[in-house]
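Q: Residue numbers (this note's numbering), protein chains in the order written: chain A, 4 to 289; chain B, 6 to 348.
One or more of the hints may lead you astray.
Said to hold, decoys possible - Straight-line C-alpha distance at most 20 Å; calculated SDA-like pairs for lysine to any residue:
| no. | chain 1 | residue 1 | chain 2 | residue 2 |
| --- | --- | --- | --- | --- |
| 1 | A | Lys-95 | B | Gly-280 |
| 2 | B | Lys-117 | A | Lys-87 |
| 3 | A | Lys-95 | B | Gln-254 |
| 4 | B | Lys-309 | A | Glu-193 |
| 5 | A | Lys-87 | B | Asn-281 |
| 6 | B | Lys-117 | A | Gly-17 |
| 7 | A | Lys-283 | B | Ala-215 |
| 8 | A | Lys-95 | B | Glu-260 |
The hints are simulated quantities; they were obtained by calculation from the structure and are not laboratory data.
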Amino acid sequence: MSPVTIQHDCAREGAIALTPIACKVLSVSQETADVKAFRIQALDGTKPFECRPGQTAMLSVIPYGECMFCVSAQGQDYLEFTVKEVGYVTEKLHALSPGDTVGLRGPYGNWFPTEELKGKDVLFVGGGIGLAPLRSLLTYLLDHREDYGRIDLVYSGSTPDDLIFLDDITNVWPQLPDVHCHVSIYKPCEGWEGEVCYTAPFLEQLKLSQDNRVVVLCGGPSLFRTCREMLVGLGFAEEDIITTLEMKMKCGIGKCGRCNIGSLYICLDGPVFTLAELNKIPGSLH
Amino acid sequence: MSTLTKDQLPQLLAALSESATVYVPAEIDGISKFAPYGSAGTGEPRFDLVNTMLPPKDLLFPQSEKMYRYGIDAEGQPFINSICESTDVVLFGIRPCDVRSIECMDDVFLTKGFADENYQARRQHLLTVAIGCTAPAETCFCDSMGLSPVQAPAADILLNETADGRAWQITAQTEKGQQALAAAGFSADSSESTAAEVSCSLKVNTQGLAAKLDAMYDHPLWEQTARKCLTCGTCTYVCPTCHCFDISQENRMREGTRFRSWDSCMFFAYTEMAGNHNPRADKMPRVRQRFLHKLCFFEQRYGKTLCVGCGRCVEKCPVALDITVLIDQLNAAEPVQPAGEGE
Ligand code: SF4
Ligand code: SF4
Ligand code: FES
């Protein structure tokens, strides 16, 4: 199998640079106690801009500030952002209701290699909020189902209450042809009949062959470390393990300097990298 | 050879001032910087200063700059309006190192897919008149960074003192420079300035440095270097090439302004993310980032070193953390690859 190559330096004509456009909140869904998914639409009812799975955008809660998020899914007339409440701006964002105004600029960064994945089996591995970036690609593959092979999702959270998009995972996606969702929680919990297992050992149990299969991995630092070690141990090539990097961002267009790692700017050149690439970038895996 | 005698200088400055604000080196309250010619407080231009204490970068990239206004209008409709102000500016008496720093900032703000509108507008309205250096300061080392004290290829106009010291050889290096001089009633050479080469006494060796640094990310020298740094950020504020910025806002009732302001990779909060995660929480990674960005990463990305040898940080660092000494140490260091990394 030829290794996956990912495009970088994807700054695109037509992307909105620093001044956002005014948009509105179309709908809000409470995913967990501290995670909400927002659908955002331009004021005229259209999709704010086209973007590809994995790309990011700067969502601005007027007047409190702005934050960079991956676009977790998109529809005909909206972009979806899945946001965990972790600080000042996300707290203000969580207070928004449908109809409220927000600012939006983007799209920024590179994207998952949707062309290169054609014909391949794809294994998604994520934990907690890490499903958000995975979801952008997963929903894209589901929209173009015939182009891709078997899809597996290995997803976990501390408790059942930490799992986002639970309805999709338990009811919708498993009904689709050759889509397999493997869900676990970390600690036993009353009423939970599924797996209780950390993500890395869960991966080991599943015994999915690395043959013609590419892995897309997103999660917090410890999940990311244990899973990438497990996957490499299971024989997956580092070129076939794709992930997204997180870094503080302010401008999103490669100017403010903040997201610089080595000679790269994560906002422009990332966030999507293969593990093989990250191994060559000083400081990216720390 | 076309010359501008020193007596003619006020005439040229006056002519240029007719259609633009002309900034000249000045010393105000003990701080030297570029200030508007002819305005109260600026005083006589100080062309005797080799380098101003503050670099001229704020004319292109102000220390604080409004980007857009937003709010809810009288009809209850949301609005977001960008603010992009710029007027014609002449930077008169800029030194070759600072001209080079503008080239570095051009790379950052104008290339790689996105042109920064505010920077671009200011840049298009800028005319640079460089003055070559006859007596570099003790802390100058531009000729070790691939520049020359008497050449500034990116300047619109270059002035180099003639042998008798009473005039400058005047060279128009761009069409814009040519036109500005013609409009002011002066003629200029269009071929390269023939000034005799001048050399800095402070030297460093940067041969192969970027490539060597590429393998020195985990070198113990960084810990040693960082030990005395106060992370005060002085070095980044006085540096003509440092260009990091922060974005924040100021709100009043139903309206607000979002603006950017200079920031520094030396500060803890620079990389602190929501949820308290900070990849550069310690001093060492921040100090390392500053020097690697200048001497290695920028070179890899844009093909230039992000240090122009102006010597300002050497002069102003309160604990004498001297980039030229560090470069010597880096050259002398044995490269080490820590266990467990590399191929
Ligand atoms: S000026 Fe000196 S002490 Fe201050 S941050 Fe820079 S290197 Fe450190
Ligand atoms: S790093 Fe120091 S010497 Fe180099 S350009 Fe910046 S202020 Fe000047
Ligand atoms: S966020 Fe500003 S350079 Fe990447």
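Q: Next step is simple, just say for each hint if it's right about the structure.
A: Evaluated hints:
1. A:Lys-95 with B:Gly-280: With a Cα-Cα distance of about 15 Å, the restraint between Lys-95 of chain A and Gly-280 of chain B holds, given a limit of 20 Å.
2. B:Lys-117 with A:Lys-87: Violated, because 31 Å separates the two Cα atoms, which is more than 20 Å.
3. A:Lys-95 with B:Gln-254: holds (15 Å)
4. B:Lys-309 with A:Glu-193: violated (61 Å)
5. A:Lys-87 with B:Asn-281: holds (14 Å)
6. B:Lys-117 with A:Gly-17: holds (14 Å)
7. A:Lys-283 with B:Ala-215: holds (16 Å)
8. A:Lys-95 with B:Glu-260: holds (17 Å)
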